[in-house]
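Enquirer: Residue numbers (my numbering), protein chains in the order written: chain Z, 6 to 444; chain C, 6 to 444.
Calculated from the structure, these hints are not laboratory results.
Since this is a predicted model, take the numbers as computed values, not measurements.
Keep in mind that a hint or two might mislead.
In this list, chains with the same sequence are indistinguishable; a pair is considered to hold if it fits within one copy or across any two.
Lysine-lysine pairs mimicking DSS-like chemistry, simulated, CA-CA at most 25 Å apart [unchecked claim]:
no.: 1; residue 1: Lys360; residue 2: Lys196
no.: 2; residue 1: Lys94; residue 2: Lys437
no.: 3; residue 1: Lys159; residue 2: Lys80
no.: 4; residue 1: Lys360; residue 2: Lys106
no.: 5; residue 1: Lys408; residue 2: Lys141
no.: 6; residue 1: Lys240; residue 2: Lys408
no.: 7; residue 1: Lys80; residue 2: Lys196
no.: 8; residue 1: Lys196; residue 2: Lys436
no.: 9; residue 1: Lys37; residue 2: Lys159
no.: 10; residue 1: Lys364; residue 2: Lys159
no.: 11; residue 1: Lys106; residue 2: Lys354
no.: 12; residue 1: Lys94; residue 2: Lys159
no.: 13; residue 1: Lys229; residue 2: Lys86
no.: 14; residue 1: Lys354; residue 2: Lys40
no.: 15; residue 1: Lys159; residue 2: Lys86
no.: 16; residue 1: Lys240; residue 2: Lys435
no.: 17; residue 1: Lys229; residue 2: Lys364
no.: 18; residue 1: Lys345; residue 2: Lys141
no.: 19; residue 1: Lys86; residue 2: Lys196
Number of protein chains: 2
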Amino acid sequence: MIPEYLSLQIPDGPHPRVVIVGGGFAGIEFAKALKNKPFQVVLLDRNNYHTFQPLLYQVATAGLEPDSIAGPLRKAFDGYKNFFFRMVKVQRVDYQNQLVKTPIGSLRYDYLVLASGSATNFFGLDQVKRYAFPLKQVVHALNLRSHILQNFEKAVLTDNDEARTALMNVVVVGGGPTGVEVAGALGELQKHILPGDFPDLDFSDMQVYLIEGTDRLLNTMSPKSGQKSKQYLEKFGIQILLNQLVVDYDGDSVYLDNGEVLDCQTLIWAAGVQGNVVEGIPAESLKHNRIQVDAYHQVIDMPRVFALGDVALMNADEGYPQGHPMVAQVAIQQGRSLAKNFVCLLRNKPPKPFKYRDKGSMATVGRNRAVVDFPQGGQMSGLWAWLVWMFIHLISLIGFRNKLVTLTNWMWSYFTYDKGNRLIIRTFDKKKRSPVEVN
Amino acid sequence: MIPEYLSLQIPDGPHPRVVIVGGGFAGIEFAKALKNKPFQVVLLDRNNYHTFQPLLYQVATAGLEPDSIAGPLRKAFDGYKNFFFRMVKVQRVDYQNQLVKTPIGSLRYDYLVLASGSATNFFGLDQVKRYAFPLKQVVHALNLRSHILQNFEKAVLTDNDEARTALMNVVVVGGGPTGVEVAGALGELQKHILPGDFPDLDFSDMQVYLIEGTDRLLNTMSPKSGQKSKQYLEKFGIQILLNQLVVDYDGDSVYLDNGEVLDCQTLIWAAGVQGNVVEGIPAESLKHNRIQVDAYHQVIDMPRVFALGDVALMNADEGYPQGHPMVAQVAIQQGRSLAKNFVCLLRNKPPKPFKYRDKGSMATVGRNRAVVDFPQGGQMSGLWAWLVWMFIHLISLIGFRNKLVTLTNWMWSYFTYDKGNRLIIRTFDKKKRSPVEVN
């Protein structure tokens, strides 16, 4: 299947070669901070774009087009010297021989930086993995968007009340920021958008459920934020089930551990993430599906190998003995920290240990409402929090063009109560787990 | 595969039922013009959106996101009474029993309007059909965009000169507006966009070919426009082969009728269209793969059945004895004309025969350049023609949101020489003819 003329060749240069696996927040920040430094930087990613994951849920709920939250990686490095991007999936690390292995050959490294991010954790629930919708990649968001819209198109095509309700209902599993934000966006669709599109459906038949295993929402945030977000979601009519676990899903029925069964064609799984660990990492270097690093991002027992962001587990930072949260800010700060240490290395200076500066956290719940926790302990909710959320996300989006298009979309949605991206570009077949090509 | 609870049911009302097949320009205009008239209007389409086909080539060449040129059909009819949209593919017309047949059941009509548009005509060249890229649907444009960008990602992964050239080259077949516009956009990518992304490639190795069977470009436009567009394309270094036919393509080599062979991984087929005729139309009603209609859009030999737009062939309009050109303006005007005749029917007035008012035609060739033919015989080229082209396309885009996002994108591209949508969201496998799902 792979043409034989393809091979992973990078010309050798006078400078040591740093190979980065993964073009997420960590990999990009690290590579950018090495601009014009005497290293040959090689970035490998299976996609040619960076995904702004915090806004994936807006693509899934027809608020933004996929192109607004994805930025071409090559463009981000336009004009960089000694920089090479290659679109290829890394299969394995051979650290004894200092090689990364890919389907089109191996590449030698002087230093290796693993920044492959995270993947959805289904906790071994194979049927859930088969039928549920994760929300980690652009294609996940597009598949989910198609699926939800297809279900409403089907709902108008049946006079079977139970089937119709199962098509309209959505179960969101996981009360963290992703779960809360996607549930809020679904509430907004139910309240403001879909009734105009489907005048022949009764939207009081639709029920969005948010299921959380612990006794509160937004566990990583303040109790106030958890409580406020719950209030906001309940205003949308979303049913929040706390202290509940999903134990199975056969594609039609969601089974809870208290024996309850919810008939539902759409299960969104935002209940867990795990490190996206490439093969070849020795078991001693792994813990809880993440790669253990010291305070300098150096992987335990793997010389010349570093790990950053979601995939890395650092216990050395005071205040984070269980490791840092798997969020963009940690990845960004770690990328910069490691790059600084690489420069120290050049100058024969000692490297500095990493200290995470918490800049606060936030989540939005539909229109005009968000919760924000400040690092010093303050909390904020409502309209002003929502404006802060908008501003932070807008300035964080990579590339001025994406900011502009996103702002245009958001302004449009805000003033018109409309979302323009209600398109089923490729219909999705849940049973086959693939989009269907319409010739 | 289709759940048994689905069925195509529309409640019977007091008014006659008009079923429209196809939500393109003709179908939408017709349905809109019947707003609040005593008809039950049922619109059927396999997609839930309208495609603005004249700008598909900009999606394929990374200039616009797909969501900008597609408008949700339900939104276009928000607030319409007696209007029903159903997302379903019509398989067959049973005109003896006044039924349309779909995979989820039949629907009775009082009047049937066939507005199913056109499909690509490969003139029986099966291998070309298998490996070439048509450009009629949003998914075609997305597949082509992925394929072109994938090829450049592969080109940096080979030291085989022939393979690299074949990956970079593009052959466009057909010198009509679509062929000219897509060739121009490729020329712009080659000159302004791709060299920044791929500093390790030599873009003088890349060759775009435009192949046309007759002795000039833009055959349906004035000789001046044909000549000017040729000049503009040649300035981009595009090689134009006139009086040449493509006779075969095996996925690697393009065979011309003069014996020449061009090695190329990307063949874009814009050489022919044909009516997208649904099954069940009697042979007597068909001609040149289009449905023959009289001056009132009534299908010959099929009572209560009408046809509009690309799929309809009307010989009765003076000046168009071979039928009208297959363009948006004809479809729009025919949709309005038929709706007016439906209203005449209500008022017992005689219907009016259709007369096409040519509003002129135009084509753009990259940045700052276009050609425009005025209906009275005038012609215009260059920057002003390009501004006219932009203006007309912008105001024709359905929905204010799409106009706004498109304008934002165009302004951005214009001032920065950048195109922001260089994303391979789903990699495309040409041999399998399907997108590849990344896990």
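Enquirer: It remains to establish, for every hint, whether it holds in the given structure.
Expert: Right, here's what the structure says about each hint:
no., hint, in the structure
1, Lys360 x Lys196, "neither (44 Å within a copy, 46 Å between copies)"
2, Lys94 x Lys437, "both (24 Å within a copy, 20 Å between copies)"
3, Lys159 x Lys80, "between (41 Å within a copy, 17 Å between copies)"
4, Lys360 x Lys106, "neither (32 Å within a copy, 66 Å between copies)"
5, Lys408 x Lys141, "within (21 Å within a copy, 30 Å between copies)"
6, Lys240 x Lys408, "neither (30 Å within a copy, 34 Å between copies)"
7, Lys80 x Lys196, "between (39 Å within a copy, 16 Å between copies)"
8, Lys196 x Lys436, "neither (29 Å within a copy, 44 Å between copies)"
9, Lys37 x Lys159, "between (47 Å within a copy, 24 Å between copies)"
10, Lys364 x Lys159, "neither (44 Å within a copy, 40 Å between copies)"
11, Lys106 x Lys354, "neither (32 Å within a copy, 77 Å between copies)"
12, Lys94 x Lys159, "between (37 Å within a copy, 13 Å between copies)"
13, Lys229 x Lys86, "neither (48 Å within a copy, 46 Å between copies)"
14, Lys354 x Lys40, "within (19 Å within a copy, 76 Å between copies)"
15, Lys159 x Lys86, "between (53 Å within a copy, 21 Å between copies)"
16, Lys240 x Lys435, "neither (31 Å within a copy, 49 Å between copies)"
17, Lys229 x Lys364, "within (18 Å within a copy, 62 Å between copies)"
18, Lys345 x Lys141, "neither (29 Å within a copy, 51 Å between copies)"
19, Lys86 x Lys196, "between (51 Å within a copy, 21 Å between copies)"
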